[in-house]
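Trainee: Okay, here's what each chain looks like letter by letter:
There are 4 protein chains.
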Amino acid sequence: MSQQSLSDLNAASKDGFVAALGNIFEHSPWIAEQVAASRPFAGVNQLFAAMKAVVERAAPELRLALIKAHPDLASKTQRAAGLTAESNAEQSGAGLDRLSEAEYAACERANNAYRSKFGFPYIVCIRRHTRDSVLRDFERRLPNDAETEAQRSIEEICRIAALRLDQLVVSDDRLKVHGRLSTHVLDNHGGKPAAGIAVELVELAALGESRVIARAITNDDGRTDQPLIGGRPLPIGRYELRFSVGTYYLERGVPTSDPPFLDEIPLRFAISDPEGHYHVPLLITPCSYSTYRGS
Amino acid sequence: MSQQSLSDLNAASKDGFVAALGNIFEHSPWIAEQVAASRPFAGVNQLFAAMKAVVERAAPELRLALIKAHPDLASKTQRAAGLTAESNAEQSGAGLDRLSEAEYAACERANNAYRSKFGFPYIVCIRRHTRDSVLRDFERRLPNDAETEAQRSIEEICRIAALRLDQLVVSDDRLKVHGRLSTHVLDNHGGKPAAGIAVELVELAALGESRVIARAITNDDGRTDQPLIGGRPLPIGRYELRFSVGTYYLERGVPTSDPPFLDEIPLRFAISDPEGHYHVPLLITPCSYSTYRGS
Amino acid sequence: MSQQSLSDLNAASKDGFVAALGNIFEHSPWIAEQVAASRPFAGVNQLFAAMKAVVERAAPELRLALIKAHPDLASKTQRAAGLTAESNAEQSGAGLDRLSEAEYAACERANNAYRSKFGFPYIVCIRRHTRDSVLRDFERRLPNDAETEAQRSIEEICRIAALRLDQLVVSDDRLKVHGRLSTHVLDNHGGKPAAGIAVELVELAALGESRVIARAITNDDGRTDQPLIGGRPLPIGRYELRFSVGTYYLERGVPTSDPPFLDEIPLRFAISDPEGHYHVPLLITPCSYSTYRGS
Amino acid sequence: MSQQSLSDLNAASKDGFVAALGNIFEHSPWIAEQVAASRPFAGVNQLFAAMKAVVERAAPELRLALIKAHPDLASKTQRAAGLTAESNAEQSGAGLDRLSEAEYAACERANNAYRSKFGFPYIVCIRRHTRDSVLRDFERRLPNDAETEAQRSIEEICRIAALRLDQLVVSDDRLKVHGRLSTHVLDNHGGKPAAGIAVELVELAALGESRVIARAITNDDGRTDQPLIGGRPLPIGRYELRFSVGTYYLERGVPTSDPPFLDEIPLRFAISDPEGHYHVPLLITPCSYSTYRGS
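Residue numbers (this note's numbering), protein chains in the order written: chain U, 3 to 297; chain G, 3 to 297; chain C, 3 to 297; chain R, 3 to 297.
Calculated from the structure, these hints are not laboratory results. Every value quoted in this text rests on a predicted model; they were computed, and no experiment measured them. Treat each hint with caution, since some may be false.
When the alpha-carbon atoms are kept at most 27 angstroms apart in a straight line, the in silico DSS-like pairs for lysine-lysine are as follows [stated by the list, open to error]:
no.	chain 1	residue 1	chain 2	residue 2
1	G	194	C	194
2	C	194	U	194
3	R	70	G	194
4	G	178	R	178
5	G	194	R	194
6	G	16	G	78
7	G	54	G	16
Just a sample of chain U residues kept apart from chain R, beta carbon distances all over 10 angstroms, derived [as the list claims (entries may be wrong)]:
no.	residue
8	45
9	56
10	115
11	116
12	129
13	154
14	160
15	193
16	214
17	222
18	288
Positions of the beta carbon are idealized from the N, C-alpha and C atoms, including for glycine.
Extracted from the complex, chain U is given alone in its bound form (with noise of 0.2 angstroms):
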């Protein structure tokens, strides 16, 4: 769905902005329409915050149609009757379109479990996760009561639409719905930013095969010229960043042993906060390093 600018929104008809909304939360256009009549708003924020507190205020049996409204994760029944084209993006963006037999399987049967026991999908904003993570959510999730998980879900569905908000609307404020990964490498060696590095992160993955999601070179200033990740959430889950320091030094004519004492470098940490900053940096010599999360 292509962009609108917020000045756009408040302008428009009330139709028109309905239209527009109708899908920032699944199927419910009745929650845009409610806010509709406080326009203007002033930014993207207030706009999410008014449609957040019809969402809180809604009476119990609107909240659970809402919830209802959901679709199952990774169902390709589902999928085959059609999803919205948000709910598809974002599936198909966390790879759940693209699992083995076993593991729609694995899916259905997860789903199944959620729903038989408390009436309603199992919802959660995938695009703050890696599958690895999704699966332990669920897992955390299911012992627990259904009043506690309706609220959890209604929890998940404003995170949904808060990202989905922050696609769709251009505003001169922006939500708090990104993170940041990062890195940077310092030689201590030479005694100057290491230049010319190349750097892997990987998503590690306890189930399947872990996969590598993003590669730079290091400039000048030893840091890569985009963020490693940016402009989205930080999948929850557990990540590799490998340094190629072997052959940097080697290039630059840095004696060391052979094989060197030290050639790629892993450094495995964790992302929990999928909104935070992680500045992950690596210090190098040719014989000791050093990493620690930054800001």
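Fit chains G, C and R to the supplied structure of chain U, relying on the hints for placement.
Mentor: Same frame as chain U, but now just chains G, C and R:
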């Protein structure tokens, strides 16, 4: 073969001395014969130096015969036909008796390529290498000329002999044929050695499976009770030490994020000096770590 | 002297232009005169390059006259007789107007020794030096021959001129005559930037008193709101940064020994590149710290 | 006093035993008398425990007499009148015989204040303190009540006694009355222990002069041949280790800036546990360093 004391060897008959040391150099008792008259030896280093001098002074055709007395690496045919007990133990220790059919075939091709170029078998002191580094050694040596390779073979044969002598002969002095790999975990959050951390040492393999070759728990001094590798050469190759740091802080009630920023910390490094001392310590907090090659 | 915009200087009469820039090179308005016809200048770098080119192309006797137009460093007699406003400000900024009698006497002996050997005054761009490094510069240059020193003097005169021009002329571009010294404190115990740490920057002196030249408190990002030195050259010399780490952990209730293992942490380093960027961070826990030259 | 073996003391007459140990507790031979009949002692720890038990079981008036048998700290009058050889040596070792007139006067005021409040002298095991920490100890204890101070005095007296016993009696076991301060310099630029680095240990003083109390050169293992402090308690106080790192890299031809970014590196820390092991290593490159409290 059971160990013998140097004083017993000094006191033995010439026949007894040659019988004991006849296979220190593979199928070549003439080397022991030539040093028998130089007894008594003050130590095992003096004994080894005498045997090595015999090899170095030997006529070229004798040296070639010594080289040719060695078996191929990982040859099923020769293993079936019978190796010296020493060769058999060395090749088994390096896992060369447990190769897949494809690996045996690859070895056979390599041996044949080498033998057809030089007219003698490819010899390497296998206890100083991992499988990866044997392959690299082979690839580096194959382009050499025959004279260079004859000399390299004698060097490797002397290394093999030194290790056999070290295992066989008990003396007040020791041959410098052993390396040592150790670690030490310091908890810079708690300000003390990190006790109770599970450590794994993995031998990394470019081809085939990486495998855990040592496991330990750090003691009250943050060290392992035994070196991770000791009492033998450190096989040239790439390794990874893995430390269960997340569990350590969890058990001590130190607040961390969920999942913890650091959980299992991998330190990846190479060993290039089989007789060296490698100390690879880890300094940790819940959000940072350092390592360096110590001594 | 009040600042002038480059566009005003471009539009000024020749006399106005020369009046404004006459003392950029000490008592030497002929340099400004020679570049006046080359106006308009696109930027201050172009203006400076033009003036410098005039100096470099000048006949040897003119260059010598330029050198001789400079005062002695820290001469009470010359100060009493009157310096240019620029020289006066530069010498005062370096504390050369507040020397003890013994120091004045030492300066006078040095000036006389230099002048009697070379026939012209010892010139150095004082804003790029501490007192210690001026002394070292003097001792290194005194053994030179006259040709070398004439060339060195011109270099220093151009540095002085660049700094005067930078202060006088407002332009879209800037001359690269400023350095920057900054710090950053990261708390690896708490896993976040260390806010609220008192920092002192001390200029160390081999002779005379060391003195505190900047004080700051780290902000929420663990940095100081302003660089410790910025907007001017970093004087070559030795420095110490002092961080009140003991108080920081005490106020946060982190258990430490009594007295705490670490209290005030001194980082001692030298600046050799007045136009460089020096970032000297501190990574701390209650029982460990690290620093490095960053960028 | 010359050392005696425990076996000789076990075999001695009662008079001989008491004569030897009569001043372990200042002017209080009755303590040695009471344990003489418990001989033989298996070790010096058992002997000390027996003597300490006598003190702890003694009637309050006897304990008070023991306290009052001690001299004032740094009293010129009492020194002139004669101290036990042990007291004299302890006070001299701590430099209390070399105070300025002002310092003597300050000590006298302190002693008098304490004595007039409690009726007995201020007692501290001076070998476990620097002058700064004695002052702090005094200031902390003066506000206490008499009962608390009587108990604290007995503790200090037992510490003094343990140190005297440790010096006097040779036994297979040792009393745990010694600490150790050591260092280790690792060159992370060269990838090996840093040999040949000059190290100074300075005892810092808030009042009066800081003073160098140990000097050493690092050996091939990057350590000092002897601990910086060993074989005695580590005086509670603040210290600075100074390492000549600039010279080290200069002599090895490592390119650095001029002046070098790092030259003399100071590590400032406090000792709080006189019987502890403090290992304060330094990891260096020409542009970075780290330290931590090791063990």
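Trainee: For every hint, state whether the structure bears it out.
Mentor: Against the structure, the hints:
Only pairs whose Cα atoms come within 27 angstroms are accepted, and residue 194 of chain G paired with residue 194 of chain C is accepted, the gap being roughly 21 angstroms. Proposed proximity of residue 194 of chain C and residue 194 of chain U is supported: the alpha carbons are some 24 angstroms apart, at most 27 angstroms. Distance check on the hinted pair: residue 70 of chain R and residue 194 of chain G sit about 41 angstroms apart at the alpha-carbon level, beyond 27 angstroms; violated. Annotation: proposed proximity of residue 178 of chain G to residue 178 of chain R is violated, straight-line Cα distance about 38 angstroms (limit 27 angstroms).
For the proposed pair residue 194 of chain G and residue 194 of chain R, the alpha carbon gap of about 24 angstroms is at most 27 angstroms, so the pair holds. For the suggested pair residue 16 of chain G and residue 78 of chain G, the alpha carbons sit about 35 angstroms apart, so the restraint of at most 27 angstroms is broken. In summary, the hint linking residue 54 of chain G to residue 16 of chain G is supported, as the alpha carbons are separated by about 19 angstroms, within the 27 angstroms threshold. For residue 45 of chain U, the non-interface assignment is confirmed: its Cβ lies about 45 angstroms from the closest Cβ of chain R, beyond the 10 angstroms cut-off.
Against chain R, the non-interface label of residue 56 of chain U holds: every CB pair exceeds 10 angstroms, the least being about 55 angstroms. At the 10 angstroms boundary, the C-beta of residue 115 of chain U stays outside the reach of chain R, the nearest C-beta of that chain being 49 angstroms off. Under the 10 angstroms C-beta cut-off, the non-interface status given to residue 116 of chain U relative to chain R holds; the minimum distance is some 48 angstroms. Against the 10 angstroms criterion, residue 129 of chain U stays outside the reach of chain R, whose nearest CB is about 39 angstroms from its own CB.
Every CB of chain R is more than 10 angstroms from the CB of residue 154 of chain U (nearest about 43 angstroms), matching its label as outside the interface. A cut-off of 10 angstroms between C-beta atoms confirms that residue 160 of chain U is not in contact with chain R; the least separation is 45 angstroms. Chain R draws residue 193 of chain U into its interface by the beta-carbon criterion, the shortest separation being 4 angstroms against a cut-off of 10 angstroms. With a minimum CB-CB distance of about 30 angstroms to chain R, residue 214 of chain U clears the 10 angstroms threshold, and the non-interface call stands.
For residue 222 of chain U, the condition that its CB be more than 10 angstroms from all CB atoms of chain R holds, with the nearest at approximately 17 angstroms. Not every Cβ of chain R is farther than 10 angstroms from the Cβ of residue 288 of chain U; the closest lies at roughly 6 angstroms, contradicting the non-interface assignment.
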